[in-house]
Amino acid sequence: MRLYELHKSLKRELRTYCPSSGEIESRSILKDVLNISDKDLLIKYDLEVNERILEKISDVLLRRKNGEPLSRIQGKKEFFESDFKINSSVLDPRPETEILVETAISLINKIQAKSILDLGTGSGCILISLIKLFPKLFGVGLDLSEEAIKNAKENVSINRLEDNINFVTCNWGNSIEAKFDILISNPPYIKTNEIKNLPESVKKYDPLLSLDGGYDGLQPYINIARNARHLISKNGKILVEIGFDQANKIDKIFYKEGFNLEKKIKDYNDLDRILVFS
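Following the numbering used here, the numbering of the sequence shown begins with 203 at its first residue and continues without gaps.
Since the hints were made in silico from the structure, they are not lab data.
Keep in mind that a hint or two might mislead.
Below, computed lysine-lysine pairings styled on DSSO-like, alpha-carbon distance capped at 30 Å [as the list claims (entries may be wrong)]:
1) Lys436 / Lys381
2) Lys405 / Lys393
3) Lys241 / Lys267
4) Lys393 / Lys451
5) Lys406 / Lys451
6) Lys406 / Lys233
7) Lys312 / Lys381
Nothing here was measured: the structure is a model prediction, and the numbers come from that model.
Work out the full structure, taking the sequences as your base and the hints as a guide.
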């Protein structure tokens with residue numbers, strides 16, 4: 203079978219169970235299995251594909267058909283134009299979280315930030331994306347999961363940012379004594395009793411620790427707001443990603459700890475997604 207024939211067949215198959223992303227996933231699968239670039243995918247369209255490759259793709263399709271996200275199959279996810287390795291201990295990076303990074307970029311420039319603390323770092327995708335853009339920044343990533351920290355360190359090593367980033371196994375900054383210009387977090391914000399209603403692709407493959415925000419979905423924000431008092435520098439900013447209906451409640455949590463809501467940013471669906479406090 204020729205590569206162009208395989209590509210066509212793959213798109214057709216994928217569209218039966220992921221109609222909105224069939225084209226994107228087909229290209230991703232081919233590039234990953236064949237270890238080629240987007241450019242090669244076009245240039246080598248007449249390449250003869252051997253049985254070993256076809257078997258690998260068949261295995262990917264079977265797992266995909268059974269509901270496993272492609273990112274989990276490949277062990278990586280694209281985020282902010284870079285690929286990040288992900289293991290079973292970290293949240294699969296979401297497109298909405300790129301808005302958090304974009305918001306941080308403008309604030310880093312505005313206040314000329316020199317340091318950043320990422321609470322609940324997971325794969326490290328937020329922190330690494332920012333340090334790549336601002337190599338003079340120093341960053342610290344915190345996570346309660348040691349396996350998540352291992353994953354984040356691997357991504358730091360791939361990007362050769364060991365001199366810019368440290369990681370600490372810690373719960374919401376309880377044991378951190380330094381102060382930072384930017385505090386950033388995409389914490390768990392789903393109510394415990396709503397976890398069961400999540401899509402299978404989420405509740406089966408994303409770690410519970412990264413999803414469960416407690417009985418009201420607000421417990422991580424309470425911890426972050428309390429700890430932020432000793433973690434934030436004088437003119438520092440706090441950025442958090444939130445659930446679509448949590449803005450008012452989270453605003454009150456931070457206000458109680460002495461912080462003022464500076465900005466509210468919506469996501470691609472026009473829902474409240476990012477809050478900025480000072």
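Are Lys436 and Lys381 close enough, with their CA atoms no more than 30 Å apart? Measuring from Cα to Cα gives roughly 9 Å; hence the hint holds.
Tell me if the straight-line CA distance from Lys241 to Lys267 falls inside 30 Å. holds, 28 Å
Just to be careful, I want the Cα atoms of Lys406 and Lys233 compared with a cutoff of 30 Å; is the pair within it? holds, 26 Å
Keeping to a limit of 30 Å between CA atoms, is the pair of Lys405 and Lys393 held or broken? The given pair, whose Cα atoms are some 13 Å apart, holds under the 30 Å limit.
Given hint Lys451 paired with Lys406 - CA-CA distance at most 30 Å: Judged against 30 Å, a Cα distance of about 29 Å means the pair holds.
For Lys312 and Lys381, compute the direct alpha-carbon distance and say whether it is at most 30 Å. holds, 18 Å
With a cut-off of 30 Å on the C-alpha distance, tell me whether Lys393 and Lys451 pass. Holds, at roughly 14 Å.
Checked against the numbered hints given earlier, this structure breaks none of them.
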